[in-house]
Structures are given as C-alpha cells and as structure tokens.
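Trainee: Here is what each chain is made of, one letter per residue.
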Amino acid sequence: MVYAVGAGAIYAAQFHLLSHSIFKALLFLGAGAVIHSVGTRDMRLMGGLGKQMPLVRTVFVIGALALAGIPILNGFWSKELVLEGGLANGPLWMYILMVSGAGLTAFYTCRMVSMVFFGEPRTHLHGHDAGTAMKIALIPLAFGALTSWLLAGPFSHLLGEESLPFHGVHTLTTLHILEEIISIPTLIALLVVALGLLAWWQRGRLGWMAKAFNWLGWSAEHSFGFEAINHAIVNGTQATGEGLRVTQTGQLNWNVMGILIGLLAVLATLIIFGLGA
Amino acid sequence: MWWQVIIAIVTLGCAVEAIRAKKLLVSAMWLAGTSALVALLLYILGAPEIAVIELSVGAGLVTVLFVFAINLTGEAAPPFRSLIPKPLAWVVIAITTGTLIWLNLPMLGASLPDVQGLTFQAAFWENRQVDGWLQIVLIFTGALGLLGLLADEKPHQDDEEVSA
Amino acid sequence: MDVSLLTSLWVALPLLSSPVIYLIGRLTVRRTPHKANPAGWLAVAALAIDAILLALTVDANNKGIATAFKFGDVVMRADGISFVLGGSAVLLGLLVTIFSLQYMAGEEGEEKYYALLTAMIGTIVGLGCTRDLFNLWVWFEAMAITSYMLVAFYREQPASLEAGIKYLVQSAVGSTLVLLGIALVFASTGSLDLDHIMLVTQSGSTLLLAAGALFLIGFGVKAALVPMHTWLPDAHSMAPSGISAMLSGVVIEAGLVALLRVMGAISGSSLAWGWLLLGFGLLNMTLGNLLALRQTQVKRLLAFSSISHVGYMLVGLGLAVTYGLHDGAAGAFFHLITHALMKGLAFLAVGALMYGLYLANHKHDALMVDDLNGASKRYPLAVFGLSIAVLGLGGLPPLAGFMSKWQIFVAGAEAQSTAALVIVIYMALNSVLSLGYYAPLVNRMYRKEPSPVILTGKRIGWQISLPLVLLTAAVILLGVYPTALSWLTDTAATSLLALFGAI
Amino acid sequence: MSLASIIILVILGLVGIGLYALLITRNLIKVVIGLQMMVKGAILALVLAGRLSGQVNLGQSLALTVVVADTIVAVIALALAVQIRRHCGTLDLNDLATLRR
Numbered sequence: 001m002v003y004a005v006g007a008g009a010i011y012a013a014q015f016h017l018l019s020h021s022i023f024k025a026l027l028f029l030g031a032g033a034v035i036h037s038v039g040t041r042d043m044r045l046m047g048g049l050g051k052q053m054p055l056v057r058t059v060f061v062i063g064a065l066a067l068a069g070i071p072i073l074n075g076f077w078s079k080e081l082v083l084e085g086g087l088a089n090g091p092l093w094m095y096i097l098m099v100s101g102a103g104l105t106a107f108y109t110c111r112m113v114s115m116v117f118f119g120e121p122r123t124h125l126h127g128h129d130a131g132t133a134m135k136i137a138l139i140p141l142a143f144g145a146l147t148s149w150l151l152a153g154p155f156s157h158l159l160g161e162e163s164l165p166f167h168g169v170h171t172l173t174t175l176h177i178l179e180e181i182i183s184i185p186t187l188i189a190l191l192v193v194a195l196g197l198l199a200w201w202q203r204g205r206l207g208w209m210a211k212a213f214n215w216l217g218w219s220a221e222h223s224f225g226f227e228a229i230n231h232a233i234v235n236g237t238q239a240t241g242e243g244l245r246v247t248q249t250g251q252l253n254w255n256v257m258g259i260l261i262g263l264l265a266v267l268a269t270l271i272i273f274g275l276g277a
Numbered sequence: 001m002w003w004q005v006i007i008a009i010v011t012l013g014c015a016v017e018a019i020r021a022k023k024l025l026v027s028a029m030w031l032a033g034t035s036a037l038v039a040l041l042l043y044i045l046g047a048p049e050i051a052v053i054e055l056s057v058g059a060g061l062v063t064v065l066f067v068f069a070i071n072l073t074g075e076a077a078p079p080f081r082s083l084i085p086k087p088l089a090w091v092v093i094a095i096t097t098g099t100l101i102w103l104n105l106p107m108l109g110a111s112l113p114d115v116q117g118l119t120f121q122a123a124f125w126e127n128r129q130v131d132g133w134l135q136i137v138l139i140f141t142g143a144l145g146l147l148g149l150l151a152d153e154k155p156h157q158d159d160e161e162v163s164a
Numbered sequence: 001m002d003v004s005l006l007t008s009l010w011v012a013l014p015l016l017s018s019p020v021i022y023l024i025g026r027l028t029v030r031r032t033p034h035k036a037n038p039a040g041w042l043a044v045a046a047l048a049i050d051a052i053l054l055a056l057t058v059d060a061n062n063k064g065i066a067t068a069f070k071f072g073d074v075v076m077r078a079d080g081i082s083f084v085l086g087g088s089a090v091l092l093g094l095l096v097t098i099f100s101l102q103y104m105a106g107e108e109g110e111e112k113y114y115a116l117l118t119a120m121i122g123t124i125v126g127l128g129c130t131r132d133l134f135n136l137w138v139w140f141e142a143m144a145i146t147s148y149m150l151v152a153f154y155r156e157q158p159a160s161l162e163a164g165i166k167y168l169v170q171s172a173v174g175s176t177l178v179l180l181g182i183a184l185v186f187a188s189t190g191s192l193d194l195d196h197i198m199l200v201t202q203s204g205s206t207l208l209l210a211a212g213a214l215f216l217i218g219f220g221v222k223a224a225l226v227p228m229h230t231w232l233p234d235a236h237s238m239a240p241s242g243i244s245a246m247l248s249g250v251v252i253e254a255g256l257v258a259l260l261r262v263m264g265a266i267s268g269s270s271l272a273w274g275w276l277l278l279g280f281g282l283l284n285m286t287l288g289n290l291l292a293l294r295q296t297q298v299k300r301l302l303a304f305s306s307i308s309h310v311g312y313m314l315v316g317l318g319l320a321v322t323y324g325l326h327d328g329a330a331g332a333f334f335h336l337i338t339h340a341l342m343k344g345l346a347f348l349a350v351g352a353l354m355y356g357l358y359l360a361n362h363k364h365d366a367l368m369v370d371d372l373n374g375a376s377k378r379y380p381l382a383v384f385g386l387s388i389a390v391l392g393l394g395g396l397p398p399l400a401g402f403m404s405k406w407q408i409f410v411a412g413a414e415a416q417s418t419a420a421l422v423i424v425i426y427m428a429l430n431s432v433l434s435l436g437y438y439a440p441l442v443n444r445m446y447r448k449e450p451s452p453v454i455l456t457g458k459r460i461g462w463q464i465s466l467p468l469v470l471l472t473a474a475v476i477l478l479g480v481y482p483t484a485l486s487w488l489t490d491t492a493a494t495s496l497l498a499l500f501g502a503i
Numbered sequence: 001m002s003l004a005s006i007i008i009l010v011i012l013g014l015v016g017i018g019l020y021a022l023l024i025t026r027n028l029i030k031v032v033i034g035l036q037m038m039v040k041g042a043i044l045a046l047v048l049a050g051r052l053s054g055q056v057n058l059g060q061s062l063a064l065t066v067v068v069a070d071t072i073v074a075v076i077a078l079a080l081a082v083q084i085r086r087h088c089g090t091l092d093l094n095d096l097a098t099l100r101r
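Chains as they are written, first to last, in the working numbering: chain A, 1 to 277; chain B, 1 to 164; chain C, 1 to 503; chain D, 1 to 101.
Some hints could be false.
[As the list claims (entries may be wrong)] Derived contacts from chain A toward chain B, CB cut-off under 8 Å, selection only:
(1) 192
(2) 195
(3) 198
(4) 251
(5) 253
(6) 254
(7) 264
(8) 267
For the record, the hints were derived by calculation from the structure and aren't laboratory data.
The C-beta atom is built at its ideal place from N, Cα and C for all residues, glycine as well.
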C-alpha cells in the first residue's frame with residue numbers, strides 16, 4: 001500500500017486497502033476460529049484440520065487465495081492495480097521487488113493452508129468445529145473476498161467525489177479498471193505467483209534447494225531475528241529519548257546558544273547550497 | 001572621518017565595559033553611555049529626531065528603570081564561572097558576526113544618498129499611523145503586564161503562607 | 001456593511017474591547033470584591049461578536065470581494081492564510097475564554113487575564129492580515145508582549161516565573177534578529193511592502209540570504225523550530241491551561257505564518273528555502289517525539305508533541321515550496337487547523353483534570369502521568385476528550401489528525417521524487433513512534449486502577465465541559481468529513497503559492 | 001572607510017556583544033542589559049537602512065516604534081526579575097534551571 005501511495009497511485013492504494021481489509025479480516029477470523037478450536041497457536045502442531053472444520057477450511061482457502069493474488073478473487077485485482085501503478089510511476093527495481101514479494105506471499109500462504117488444514121494430523125489435537133456465530137461472521141467476508149472487486153467502479157466514484165477530491169483520483173467505471181488491469185505486466189505477475197505455487201507443489205523435488213535454504217528455515221524459526229531487532233529498536237529509541245533529555249538543560253545561556261547554533265546552521269546551509277541558485 | 005571611527009570604537013568600548021563590569025549599577029551606567037553614543041551616531045546618520053528619543057528613553061528612562069530594579073533586587077553576588085565555557089562563546093559569536101559581515105560586504109562600500117521624501121512627522125503620523133496605533137496597544141498591554149506582575153499581593157495569600 | 005470596514009472591525013474589535021474588559025472588571029472588583037468578576041463574560045461576548053465578524057468577512061471573501069483596507073501606507077488584506085490563522089485564534093480563543101470562566105474564577109488579576117487574552121487574539125488576527133514587513137514585526141511583538149505576562153500568570157509560583165523569563169528572553173532575542181533582517185531587506189530593496197519586495201527580489205543577493213536566515217531563526221524561535229525550541233516545554237507546561245492551549249494551538253503557528261509571509265517575499269533570492277523548511281521539519285519531528293517519549297509530566301509531554309507537530313506542518317509547507325505542490329500547502333494548513341483543535345482539546349482536557357485534582361483544592365502541583373491512572377472512572381468526559389485528542393494527534397483514523405497527516409503524505413507522494421518519498425516514510429515512522437507515548441496515556445486512563453489523587457478530585461462545571469464537548473465533536477467530525485474545510489485550506493494553499501510566486 | 005561601513009560594524013559589534021552577554025552572564029539583570037545592547041544595534045540598523053534607501057525619516061519612524069516596544073519588553077523583563085528575586089530568592093540563571101528535561 002505504501003508502495004502504491006509512494007508511486008502516486010492513490011486510487012490503487014485505497015482499493016487495495018479495501019480488498020486487504022476484507023480478506024485479512026477473513027483470514028484473521030478464520031485463524032481465530034482455528035486457534036479457538038485447537039487451543040494452540042503453533043502451526044506446526046496442526047494438520048488435517050480441514051476434516052474437522054470444513055466450512056472454516058473453505059473460507060480460509062478463499063481468503064488465502066485472495067492474499068496470494070489468484071485471479072477472480074479481490075486480492076488479485078487490487079494487487080495488480082498497485083503493481084501497475086508502481087510500474088508506471090516508480091523505479092523498475094522496486095517493481096521487481098514487489099512482484100517477487102507477491103510470489104513469496106503465494107508460497108507461504110500455500111504452505112500455511114496445507115499445514116493447517118490438509119495432510120495428516122501431526123498431533124492429537126481434538127478440534128471442534130467453529131460455532132455458529134463465527135460462521136456467520138466468516139461467510140459474508142468470504143463472499144466479499146470473492147466479489148468486492150466488482151465494486152471497483154463505484155468505489156472510485158466514491159473516492160473521487162466524496163472523500164479525497166484533492167488528489168485528482170479519476171472516476172472510472174469497473175469495466176474500465178478491469179481492462180486496465182489485464183495487461184502484460186499482469187501476466188508477468190501472474191507467472192511469478194504461479195512460480196510460487198509451483199515451488200510449493202514440487203517442494204519434494206526441490207530438496208536440494210530446501211537444503212540450501214536450511215539456514216533460512218532456521219532463521220525463520222527465530223523470526224528472522226525480527227523479534228530481536230524489534231526489541232533493539234524499541235529499547236534504542238527509548239534510550240535515545242532519555243539521552244536527549246539532557247539537551248533540555250533548562251539553563252537560559254544554553255537556550256540562547258541553541259538559537260545561535262540554529263543561526264549558524266542556517267547560514268552555513270545557505271552559503272553552501274543557496275548562493276548558486 | 002577619523003572622528004567617526006573614534007566614536008564607533010568608544011561606543012563598542014562602552015558596550016564591552018557594560019558586560020565586563022562586576023557591579024550591576026556600573027554595568028547599567030555603561031549601558032547608558034553606550035546608548036548616548038548610539039544617539040550621537042544616529043544624529044551623525046542624519047536622524048536627529050530618533051537621536052533625541054534614544055537619548056531620553058534609552059539613556060534616560062531605561063537607565064532609571066535598571067537602577068530601580070537593581071535597588072529592588074540588590075547587587076549581584078560576586079561573579080560566578082559562566083555556564084558556557086568562554087572560549088566556546090567567543091568562537092560562536094566570532095563566527096556568527098564574521099559570517100554576517102561577510103554576507104553584508106556588498107553594503108559596506110555603499111554611499112549614502114541624499115535624504116529625500118517625507119518629513120519625520122509625515123512618515124510617522126501618516127505613512128506609519130498603524131504602527132502608532134499599535135504602540136498604544138503595546139503600551140496598554142505592557143502596563144497591564146507590569147501591573148499584573150508587580151501589583152500588591154493580596155494579604156490573605158500571605159496569611160495562608162504564614163499559617164501553612 | 002462596507003467590506004473593508006468589516007475586515008478592519010474584525011481585526012480591531014478584540015483590541016478595542018481589551019481595555020473595556022479590564023476597566024469594567026477592575027471597577028467591579030474594587031466596588032464589590034466578593035462578587036463574581038464580569039470580565040470573563042465580557043470577553044466571551046467580545047469574542048463571540050468577533051467570530052460573527054469573521055464569518056461575515058469570510059463570506060465576503062468567498063463572494064470575491066477584496067477584504068482589504070489601507071491604514072496610512074500599510075495594506076491589510078485578509079486572504080486564506082489570514083482566515084486559517086485568525087479563524088483558529090478567534091474560535092479557539094472563544095472556547096478557551098469559556099473554559100477559563102471556571103478555571104480562572106477567583107484568581108487574582110482575573111480581569112488582566114481576560115484583557116490580555118483578548119488583546120492577544122486581536123494581535124494574532126492582525127498578524128495574519130498585514131502585508132507590511134515592519135508592521136508584521138509590530139504585530140508579532142505585540143503578541144509576544146501580551147503573552148509574557150500570561151505565561152507568568154501565577155506570579156507566586158517560582159516555576160512559572162522561571163518559564164516566563166526564559167520565554168521572554170528567547171523571544172526577545174528572536175525578534176531582535178528579525179529586526180536586523182528587516183533592516184537588511186529595507187536597505188536592499190528600499191521598500192517595506194511585501195508584495196513590492198517580492199517583485200524586486202533578485203536571486204543570489206547575499207544581503208537577502210542573510211535576511212532570510214535571520215527571519216528563519218527569529219520567527220523560528222516563536223514557531224519552536226529545533227534547536228530554538230527550548231523555551232516551549234517550560235512555557236507551555238507552566239502557563240494556565242487555557243493559555244497553554246492558545247500558545248500551542250495558535251501562537252506557535254502565528255510564528256510560522258509570519259515566517260511564511262516574509263520568506264515568501266524574499267523567496268526569489270534562493271532555491272534553498274523549501275529544503276530548509278523540510279530540514280527543520282524532520283528535525284522537529286524527531287526531537288519532539290523522542291523527548292516526549294520519556295516525559296512524566298502530562299503538559300510537558302503535550303508541549304514536546306507540539307514541537308513534533310510543527311514539524312509536520314513544516315514538511316507540508318516545505319513540500320509545497322520545494323515542489324510547488326498545492327496539496328502540500330493545503331495539507332499543512334489543514335494540519336494547522338486540526339492541530340489547533342486537537343492540542344487545544346488536549347490542553348483543556350488536561351486543564352479540566354488539573355482543575356478537578358489540584359486547583360479546586362488550592363494546589364498548584366504539576367499533573368504527572370501517573371496521576372491519570374484510572375481517571376476515566378471519575379472524569380469520563382475529560383478523559384474521553386483527552387483520549388480523542390491524543391489519538392488524533394497520533395494520527396489514528398478516522399480522527400482529524402489522521403486526515404491532515406494523510407494529506408501531507410499524499411503531497412509527498414505526488415512530488416514523484418525519491419527524496420520526498422523517503423521523507424513521507426520517515427514521517428509515517430514518526431507517527432508510529434508518537435503513538436508510543438500517546439497510547440499508554442489512554443491505556444492508563446481507562447484500564448488502570450484509580451490513583452488516590454483521582455478519588456479525591458472535585459467536580460468540574462459546565463463552563464469547562466462545554467468547550468471539551470465542542471472540541472471533541474470537531475475533532476471527530478473533521479475526521480469523518482475532512483472535506484468540510486477544504487474550501488478554506490485550498491484558499492490558504494493558493495495564497496501561499498502566490499506568496500512564493502509559484503502561480 | 002565610509003560612514004555606512006563604520007555603522008554596520010558598530011551594529012554587528014553591538015549585537016555580537018549583546019549575544020555574548022546572553023551566553024556567558026549568569027545574572028538576570030545583566031541578561032536584560034545584553035538584550036538592550038542588541039536592540040540598540042537593531043535601531044541603528046533600521047535608521048541606516050532608511051538612510052541607504054534614501055528614506056531616513058521612514059527609518060526613523062520604524063526605529064521609534066522599536067524603541068517603544070523594546071522599552072516595554074525591558075520593563076516587563078525587569079518586573080519579572082524583581083518578582084523572581086522575591087519568590088525564588090536568586091537571580092542566578094544556574095539556580096533558575098529547575099524546569100529541565
């Protein structure tokens with residue numbers, strides 16, 4: 001989304017926000033249903049749950065496919081729109097990065113779905129099916145994930161006139177938007193997504209590759225060090241905040257010094273960069 | 001020309017003494033001296049009206065105020081070590097003024113054109129009359145501020161402090 | 001009514017009513033010392049009438065009638081920027097005055113408080129309208145002089161006096177630097193009229209570069225640009241809460257507007273001005289957020305967050321000036337308005353809590369973050385207002401603060417340059433960082449057990465509650481209908497780009 | 001050396017000395033003296049600017065407003081100093097640094 005805004009594709013960003021909110025809500029609720037049912041969050045302990053909770057499995061697969069950007073589902077349309085906006089306005093390397101990201105997403109969603117819902121039960125978790133209330137929440141979302149892209153036109157209309165008039169969002173019909181989406185870059189992106197799927201399918205044959213990527217699995221287990229980095233960032237920021245408080249000496253002399261330092265900095269900037277203009 | 005240079009040097013000398021003087025009252029007197037010499041420079045620049053005002057307000061009124069304030073607060077204790085190292089202050093001031101002089105080089109050689117146009121009365125009372133009106137606002141709010149800060153404190157507050 | 005008379009009345013009414021408020025208030029106190037002081041109600045009336053005049057002036061302006069008047073050689077003209085600044089000042093001032101009816105009741109020198117507050121609002125309105133370089137300084141100085149005593153209003157509190165003198169000295173240094181800049185501009189262009197100066201400004205003049213630097217620093221002291229910000233946390237935390245709201249919501253923005261006016265006039269001298277604004281904006285954001293992170297006093301925390309919010313406005317304006325983006329300016333002015341509302345609400349809500357916890361018990365302690373624990377149990381309205389305000393300041397959708405920040409982000413994206421993109425991402429990260437100190441406040445107020453201070457708190461009256469309700473509603477409504485003010489911010493943005501000669 | 005350049009050096013000298021006083025002095029009254037020194041420089045600057053552009057009387061009327069405004073600032077600053085002496089018992093800036101961090 002940030003990528004889209006950055007590339008100036010405001011409408012695409014907003015549209016992806018809409019799609020994203022629908023399928024992510026679906027996935028989170030689905031995952032919540034699963035966790036509620038089996039009482040653990042560890043994916044590796046799950047497996048074969050599809051038999052026990054068929055409805056959850058169905059809607060979860062829909063959400064996952066939308067997330068992976070498989071055609072017809074809403075995630076596909078909006079993601080393509082984002083990528084295209086990026087290709088039109090942003091640098092190429094960023095586009096390539098984003099497309100690879102899409103491929104990776106397809107890969108890990110498949111892995112997740114297969115681990116949780118298909119295959120043999122890994123441990124003896126006695127899951128029970130989701131309650132009625134949960135189902136009632138999930139079904140409309142799944143329906144939304146299937147169809148919300150049809151609203152592309154009205155949505156652009158809404159954005160264009162109601163909430164974001166400053167941004168020059170063009171009001172387009174759904175058909176027009178869909179036509180815009182289906183183009184060669186879309187096919188490339190689809191190909192990459194398909195590659196991601198294939199990689200999962202043929203994971204057995206890609207054993208050599210898996211070995212090469214063993215370290216990746218290991219680091220993934222340790223959250224790629226993100227946990228540690230997260231910790232470091234939070235602590236570091238807090239420490240910087242605490243450390244900077246020393247600059248607020250409360251002494252008038254130093255405060256005036258601040259004014260002078262500001263003056264010197266501005267004068268220096270102007271002399272270095274301003275004289276040429 | 002040389003006498004102008006001498007006045008300039010004496011003015012700056014007074015200013016330096018005002019900062020260097022150990023006693024506040026002496027400092028205030030040197031400030032009055034600086035003010036008087038600035039008035040003289042203003043006169044030399046061809047601005048006799050503002051020179052008179054500077055002399056009476058800057059050298060007169062403000063000095064009286066300083067003397068009052070110093071009397072009310074008492075003389076300063078012997079000088080302390082400054083909070084900012086003096087060499088650092090020196091360097092910063094030198095660089096700042098140096099840069100400003102360098103940026104002002106085009107103006108240094110400027111010649112002074114003949115005075116033309118409005119009289120002082122016309123300039124102040126007609127052209128800049130909004131500034132005049134605003135001076136009234138300034139004086140009014142200033143007086144309010146002064147009253148607010150220095151008016152007698154209500155006795156009951158002191159009672160509370162005593163009882164507490 | 002004649003439009004130019006209307007405009008001049010809008011500017012002059014607060015200034016004219018100020019002595020009346022003082023005199024009537026003073027006389028009443030003399031004659032009947034134990035009766036309630038009428039000064040507050042008079043100020044409310046004067047500001048309400050001024051708000052009507054404002055509405056009429058804006059209406060005339062929207063019809064295309066020039067809202068200008070000439071005073072000697074000095075042209076006063078109300079444009080979009082004037083309406084943004086003057087409108088915030090009058091409306092927030094009105095709410096602050098209503099708030100003060102109870103908050104300041106019985107304080108010594110109440111009539112001086114209202115007279116100075118009204119005069120300050122008048123000077124801010126004038127500051128927004130004037131088109132004369134030196135006259136701008138006079139309005140600016142008048143605003144400063146009215147605010148000195150208001151900051152040091154609790155003249156028996158050492159801390160408040162200390163804050164007052166720091167504020168005074170730093171802003172006096174700033175205004176002297178501005179004077180030097182004015183002298184430089186006057187010497188090199190021979191004119192004081194901003195529009196005329198813009199026409200004759202040439203690029204590459206070192207005199208104008210020096211003048212620009214002096215303006216940036218001089219007005220920057222009042223606008224709290226880092227590293228000239230050091231007075232702000234002291235002054236904002238020690239002033240009476242209504243004044244904190246005014247200082248944070250309008251006065252620092254007035255410094256910003258003054259800066260824009262003069263920089264616009266000499267912007268032809270260099271291309272670096274926009275980049276300087278961007279640079280200061282990023283610096284302000286970072287430092288304000290980092291310093292707010294570990295604060296233990298609520299008002300001090302809010303004061304540091306003001307520093308970071310000036311940063312957002314500066315980035316929006318910098319984007320507008322550097323890339324000629326209309327949206328950047330519109331976003332910045334929208335943020336100016338929403339910040340005035342949100343910060344006004346935050347300070348008034350904190351003031352309401354302070355009143356209940358301390359002032360009503362005749363204490364002058366600072367409100368600490370720990371005092372807020374479980375405050376929702378006893379002060380649901382004030383706590384709700386404060387929560388909405390800080391969440392809005394943190395940029396949570398769908399509150400007003402999110403919409404204005406979003407507009408600035410969008411402007412950054414529109415610039416289509418990597419540098420602007422990096423700035424936008426950096427801004428977004430800063431927003432997240434700011435939630436790191438806003439969110440715990442809300443959490444504390446709603447989810448912790450009430451602290452002993454809370455349980456002994458006094459009730460607060462309708463005079464305090466009414467402004468809180470109105471401001472809370474405004475923050476929420478502007479979040480839901482951000483376009484409600486786009487006519488105003490768009491006009492202001494057009495005015496700004498005209499100032500910088502981009503149109 | 002022309003008169004203009006002499007005056008410019010005096011202006012920057014006064015401003016520099018005033019700023020130096022603000023940096024190193026620890027007494028509040030002396031801080032106000034430093035401020036006044038800077039203002040004197042600014043007044044000279046305005047009159048000089050008027051003279052340089054041939055409108056010395058305009059410069060004078062600006063300087064008049066500055067004199068009035070800054071006298072008021074000095075008055076309020078001194079009143080604050082008196083009040084600070086009364087309630088904080090000191091004029092030393094090092095002791096007037098309770099608001100920090």
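Trainee: Take the hints in turn and mark each one as holding or not.
Mentor: Each hint, compared with the structure:
1. Residue-level restraint check for residue 192 of chain A is violated (minimum Cβ-Cβ distance to chain B is 56 Å; threshold 8 Å).
2. About 61 Å separates the beta-carbon of residue 195 of chain A from the nearest beta-carbon of chain B, more than 8 Å, and the hint is not met.
3. The beta carbon of residue 198 of chain A comes no nearer than 65 Å to any beta carbon in chain B, farther than 8 Å, and the hint placing it at the interface is violated.
4. Here the hint on residue 251 of chain A is kept, as its CB sits about 5 Å from the closest CB of chain B, short of 8 Å.
5. The beta carbon of residue 253 of chain A comes within 5 Å of a beta carbon in chain B, closer than 8 Å, and the hint placing it at the interface holds.
6. With its C-beta approaching chain B no nearer than about 7 Å, residue 254 of chain A sits inside the 8 Å limit, and its interface hint holds.
7. The restraint placing residue 264 of chain A at the interface with chain B holds, with a minimum CB-CB distance near 6 Å, inside the 8 Å limit.
8. A cut of 8 Å between beta carbons decides the hint on residue 267 of chain A: the least distance to chain B is about 5 Å, and the hint holds.
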